[in-house]
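Undergrad: Here are the chains, one letter per residue:
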Amino acid sequence: MPSEIRTSDGELLSVKLKKVERRRRTTAFLLAAPLLFFIVFAYLIPIFQMLGRSIDNVQMHEFLSDTHDVMQTWDGSEMPGEDVTSIFFYELKGLVEEKNHGKIATRLNYEKGGFTSLIKKTARKLDDFDENANFLDQFIDVHKKWGDIEYWLALKRGTDAYHYRKYLTTFDFEQKYDGSIERIPEKKRINVTLWLRTIFVAAGVTFCCFLLAYPISHLLSVLPTRYSNLLMICVLLPFWTSLLVRTSSWMVLLQKQGVLNDTLVSLGIVADEGRLELMYNMTGTFIAMTQILLPFMVLPLYSVMKTIPPSLMRAATSMGATPFHAFRKIYFPLTYAGISAGSILVFVLSIGYYITPALVGGAKGTLISNRIAYHMQQSLDWSLATAMATVLLIAVLIVYWLYNKIVGIDNMRLG
Amino acid sequence: MALPKYTETRYRVWHYSYLVICTAVFFFLIAPLFVIIPLSFNAEQYIHFSDGMLALQPEAFSLRWYEDMIYGTKNPWGIAARNSIYYAFFSTIGATILGTVAALGLSSRYMPYKQLIMSILISPMIIPLIISGSAIFFSLAKLGLAATFPGIVIAHIILGTPFVVITVTATLSGFDDSITRAASSLGSTPTNTFFKITLPLITPGIISGALFAFVTSFDEIVVILFVAGGDRNLTTIPLQMWTGLREQLSPTIMAVATCLIVLSTLILIVTELLRRRSERIRGISAQ
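Chains as they are written, first to last, in numbering that gives the first Met the number 0: chain D, 0 to 414; chain E, 0 to 286.
With the rest of the complex left out, here is chain E (with noise of 0.2 angstroms):
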């Protein structure tokens, strides 16, 4: 971003305020994130920089927090943890398969009523969570499945659908059909065709869905608000931070909220390598 010699004075000003800008924006994109890291390491009770932890003393950090998350006393964060997984991934693999299906169906030429059902399938992201959660509480109290497992497994099944519907139908629509056309020209069976060529040809797009769709559940936090209905049994690690955050901003809530930065970091290089070998895979479907 070199500015050529000739450029005027005032440009130059310009160009120099534009770049201080988008820095001051980039810091406030992420620097709240990195504020919780240290302090989560901090020997004290309350959570702030103490002096010492300014001057780098080795004593003024420690693991104690982290210890606490893991062998506290009362120990929710272990359940919490269990629990928060288990529904993620059942809801993923549901979310994933039903999502993946419909979306082969959305993006066929022939698909009817492609605009409205289209629209329904994505309404779970579009509706208020505050509206989604009493009514999904209502549905699974009719059931008799509200606060139990399959009961929140579903609730978020129907969360993250839209995420896998969404990602899957962009991955197809830069499908390129003659391949298929190729295949059964050929003599392959549709079923065939649809494991060998159209499935490997659109898994990074599922796998980016089905990772959206864990995040929705891993994250979720206004429907089991609803759905889990108090039950310690039940509890996730979002709702352990709500309940936590609530009563009190704890350094052991900070030992949590690190660890789940790890994870997204982890979930974020994911991403980034399936957005690769995708754009890898098209630029030879495309030749």
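With the rest of the complex left out, here is chain D (with noise of 0.2 angstroms):
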């Protein structure tokens, strides 16, 4: 019976085999894990809860409990009754002392404009309520936008724990206070421009990266490998340089006195007064994204091309094919692979391009990263960037999940 096969120590075989393969297979995992776990813990965990911002309101919430409760039997109808306003007139007092007011102050007027000043007038005067006549009234004393009832509806719904309103705004709709969603008044929409923006120049850069790497690839794969070594020096010097010194040799050309007008000039080509604005909008960003970004679409299709056998197109033509038949038969085809590779991992890098947009680009010219980057740094607006960048991430995560399916992880080559 080979089940009673034995080793020399007497095991059965079958279970020492089953040990051994257990024991590499906790060595191979125990030899990943310092990584995944550095990776896990200091990165994608991070990741997460910076993204849960986007939804995460329970400082406010936690600030302003009370008047949350009895604002939730409020209908909103009419403005907010005695048992509201005074529960918020002692909750506000208990802030201020604590100082936590400014913070309630920058929160809520994400919700309304003109909150900041309304709550920093309001705390001030606080101590010189009179705490058994209507609460109300001396609100609207203080200021009189605690008329308004936008405000007491924004305090309702600034105090929820979670919302997923920053998620509207990504896309340039608003939610009313009757629960109803629209899109913004045309003139504030500024996000889908952006969004559509970033597909459409993630989109257009990876089609001239392919256009323009096709050729010298294929160049690259059939010259003999002296001259192709010589060559791919052309494709790795940039691809080694700081992205920085790329950047600004395209801002030296671009310029309106840059050397690309000036040269145009001097040629006569166009004139001194009609130099050409190649900076500063969606002209500066393409072409120097396409230029940065085209060494990553040349390495997987060269590598590609490099298995080809030229055999295959001289049978092809050999039997009959004219070379542009061939090519389109039996060529192309085989260089799915590396044009896939190659496309998704420009467009990946190119949907999240920030630096160079931020140089060359302009106002005309930034991408949905910079504006992420805005929102982070100086509007201060973290759940509104923390959404966008949700969004952002989601549409990586699923190109990349195309190239795993596609290409595979495992075939992911550098240099």
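Hints are supplied without guarantee of correctness; some may be wrong.
Computed beta-carbon distance windows for the label pairs [as the list claims (entries may be wrong)]:
(1) E/P199 / D/A160: 55 to 63 angstroms
(2) E/R11 / D/G203: 27 to 35 angstroms
(3) D/L222 / E/R276: 17 to 25 angstroms
(4) E/G186 / D/I393: 53 to 61 angstroms
(5) D/L222 / E/Q44: 37 to 45 angstroms
It is worth saying that the hints were derived from the structure and are not from the lab. Please read all numbers here as calculations on a predicted model, not as lab measurements. Every residue gets a Cβ at the ideal spot worked out from N, C-alpha and C, and that includes glycine.
Take the two lone chains and join them into the complex the hints point to.
TA: In structure tokens form, the structure reads like this:
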């Protein structure tokens, strides 16, 4: 019986084999474990925590929890009653004593403009309030905005523990106080434009990179090694050069008084007054990003083309195919793997591009990453920034998943 | 690429236009880099080719911007260069050790959940830098490490490891297991086999991974924008260039850029030598 085979120490072979395999699995896992835990704890969990900020309003909710609770019974059709205003008064007073009213002022200001000054002015006057008189009237006396029901509605909504409204803002929608969802006024719409521009630039750059990379990758793959190694420098030198160096070289070239315009003027193609606007718009972003990302398309294409035997094309032409027909039917389909690998790589990189658009793009050529950075660093609306980041991340992960399906991560090669 | 004599005219035309297109694309790739180099020797304040430079007059060229770079009044470049090298050095060591060890596990046939773990390990390369930058900043801030030397090194280790993992796994995928089996059948301990057989064979892969990690850290700009928090003592070369480029394009930046191009040329030469060495070793091991 085969199952009776035993090893020298008397154990069943099948049992021993399983043991050895288990030990090897553990060893392999333990080797990967340090990096795995490092990446998960120092990187992935922080990302999820940060993205959680896009729906998280717990701090506000806790600051004004009693107000929030009592407001649930208020239907919002008329001004809030004394039950609401009195509790809000005491809670606000507590916050002012703990010096936390600045935080709620900022958060409420995202809900409705004007809240910062409203809360700050009210906070200064809280000590003058008569606790036996009508609170609402006294609030209105301090600032007439308290007489506007929208501020109370914003307060009710702004104290929910979780909300998804920033995701609506990401796509230029807003939720009215009655719960209906509408597009925001036309002149305020900026985010959809940016999303569309980002996708357009990413797709366009990917396509241009493909068009430019295909012929040179082919040339590199058919030339004798001596020459192709030399030409490969043209691809690898930009690849290894600092991104900022390449971006600054495009700034030098594309400026109004830059090298490109100077050349065109001295050649008489363009008049001195009619210098081209190549920078601080989409053109600049597009040209610079194409050149910067081109190596990422050439390298995978080249490595695929290198494996295609030239005899295939010769066989096709010897059997009567015209060179173009042979290319279309034989060569091109064989390069699909390289095209998809390169395209996805370039697309993923360009959809999150930040530095080059910020320097070359000006106001008209910035992409979604620049908007995220603006909300992170300048407007400090982190909820909106992280909502946008979440959408961007989901988009990238979908493309990454496709890459994995089509190419496989194991086949990823660099340089 | 000479065409045979019997080639029809239209294919001849097509062939030559193909070569012209290729030349144009190679020019598009490499020319922008070479514009910077002569401009860094400009004697004037402005970034354009002066008439004197075009006429190759010696007085139109000078080293004043290199002087400014090294001895300049505020001289941020000295601190920046020192910091850049420190960050890159320490993060390369960290990323190379962590990445190589993980790659050894990942290349094992017995590795469980290989695809999933691989995806997690290379995620810092895939996730847009703006998201990585802010997330790393928030987590470092919680630990009190934002705008500190160790904090920046940790951030750069995270960004560098995927490159090490990828290059070392690629090297190991061509690795012939029978060599290590031969070693153990001859009585070598696993540790001994690793250091005497495996490690020397995968060294080119490790070095090229380390080089990637080094360059990633050395060129990194988005994450450091968040993590350095505007501390002038923590500035790096890319950060300094970013600040400079946002204000105005100065010839000193051109001088720095030229130095960086020289550096990338050196890196290119090293990678090329490594590639040849690795091909030679593999050629031997395949026989």
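Undergrad: Enumerate the violated hints, using their earlier numbering and listing them in ascending order.
TA: none
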